[in-house]
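Asker: Sequence:
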Amino acid sequence: MPLLSFLRTLSTAHGPTGGEGAVAEIAAQLLAPLCDEVTIDPLFNVIGRKQGQGPEPRPQLMLMAHLDEVYALVAAVEGPFLRLTQTHADYRLLVGQEVIVLGRRPLAGVIGDRPPHLMAAEERQRMPRLHDLVVDLGRDAAEVAAWVSPGDVVLVDRPFVELQGRRVTGKALDNRAGVSVMLATLQHLQDQPHACDLLAVASVGEELNLLGAHTASFRLRPDLAIVLDVTFAEQPGADKDKTFPLGGGPVLGIGPNLHPRLGEALAATAARLELAHGLEPLPANSGTDAWAVQVAAGGRPTALISLPIRNMHSPVEVADLADLEGAARWLAAFIPEVDAAFLAGLAYQLPTFDEAPA
1 MPLLSFLRTL
11 STAHGPTGGE
21 GAVAEIAAQL
31 LAPLCDEVTI
41 DPLFNVIGRK
51 QGQGPEPRPQ
61 LMLMAHLDEV
71 YALVAAVEGP
81 FLRLTQTHAD
91 YRLLVGQEVI
101 VLGRRPLAGV
111 IGDRPPHLMA
121 AEERQRMPRL
131 HDLVVDLGRD
141 AAEVAAWVSP
151 GDVVLVDRPF
161 VELQGRRVTG
171 KALDNRAGVS
181 VMLATLQHLQ
191 DQPHACDLLA
201 VASVGEELNL
211 LGAHTASFRL
221 RPDLAIVLDV
231 TFAEQPGADK
241 DKTFPLGGGP
251 VLGIGPNLHP
261 RLGEALAATA
271 ARLELAHGLE
281 PLPANSGTDA
291 WAVQVAAGGR
301 PTALISLPIR
311 NMHSPVEVAD
321 LADLEGAARW
331 LAAFIPEVDA
341 AFLAGLAYQL
351 PTFDEAPA
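Letter by letter, the sequence shown follows residues 1 to 358 in this note's numbering.
Certain hints may be false.
[Unchecked claim] Across the chosen pairs, the derived CB separations fall in these ranges:
1. Glu337 to Thr85: 44 to 54 Å
2. Glu25 to Leu208: 19 to 29 Å
3. Leu208 to Val161: 23 to 33 Å
4. Gln235 to Arg114: 27 to 37 Å
Since the hints were made in silico from the structure, they are not lab data.
Since this is a predicted model, take the numbers as computed values, not measurements.
Beta carbons are placed, not taken as given, at the ideal position from N, Cα and C, and that holds for glycine.
Whenever a hint applies, use it, and build me the whole structure from the sequences.
Answerer: Set out below in structure tokens:
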């Protein structure tokens with residue numbers, strides 16, 4: 001299956017943080033023909049294992065990309081309408097969106113606000129506020145009360161659209177784009193031997209507290225890890241020092257959350273491939289699963305490769321397939337370089353002292 005098909009399938013699936021079961025099943029189905037074994041753990045982390053061809057004990061390399069998407073919760077049922085709370089989505093863009101309410105059964109609805117004619121002049125001049133928005137299911141109050149309760153999940157329901165060139169738009173590209181790159185990497189490796197064992201993890205709970213990264217890393221205890229996520233693409237009004245050109249290639253993170261020697265090795269592979277890529281200085285928490293993976297179960301060398309997208313945490317995230325394909329090609333070229341000697345080279349060696357310090 002081409003990378004575009006992976007992304008289309010995953011983008012349109014529903015999988016809010018804490019309720020990733022449906023998209024986890026889809027990810028497991030996509031991983032199954034590319035791995036020797038696929039399991040889903042109790043939190044819905046999807047874990048694929050692909051055995052290497054090197055001598056035992058083989059290094060365990062983990063690729064991780066999170067499955068969950070931003071969401072809202074029903075705060076209250078007010079007659080035929082629903083009020084919203086607890087959203088990581090950009091609520092400035094929610095008015096007019098089609099949604100799916102995951103109540104006792106899935107229900108289609110739309111998000112609305114009062115017509116501008118019924119607003120005071122100062123209200124028309126400001127951004128929509130979340131507590132002003134309502135979900136309209138087009139049903140009467142009794143039917144809504146029978147099917148929906150406070151705490152039910154509300155997800156934007158958007159089609160996946162191919163734009164001009166290699167650009168695509170849809171919901172949940174953060175981070176179904178990363179999962180798609182992981183799948184495409186495994187596809188590249190089907191006919192390419194590699195010494196290390198590969199763990200491919202589609203993690204859960206990243207948008208809340210990295211809970212899938214914490215638990216999967218502790219459970220699997222890989223020797224090293226590469227996390228795939230998204231970063232900010234250039235667009236009008238965005239700081240050029242904090243964004244990357246769409247179509248300019250994947251982005252390698254640099255900072256204390258990430259292992260310098262592993263990053264250097266990845267950069268060397270990109271140079272050998274003549275692969276255009278960006279460098280993202282991350283002086284503190286990277287805001288990704290790498291924050292949890294790096295320190296789980298005693299710690300492990302961790303790298304971060306990010307994919308630029310526009311309009312992050314909105315219903316119309318935009319990505320360039322060239323960036324995703326470049327990331328998959330990069331990883332597929334790097335993974336065969338990982339063997340026991342490579343892993344030993346990541347360890348820091350204490351200097352030899354001629355005499356004990358005074």
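Asker: Would you mind marking each hint as holding or not holding in the structure?
Answerer: Checked hints:
1. Glu337 to Thr85: 44 to 54 Å: 48 Å, holds
2. Glu25 to Leu208: 19 to 29 Å: With Cβ atoms ~20 Å apart, the hint holds.
3. Leu208 to Val161: 23 to 33 Å: Because 28 Å falls inside the window, the suggested range holds.
4. Gln235 to Arg114: 27 to 37 Å: The hinted range 27 to 37 Å holds for Gln235 and Arg114, with Cβ atoms some 29 Å apart.
Figure legend: structure checked against the earlier numbered hints; every hint is met.
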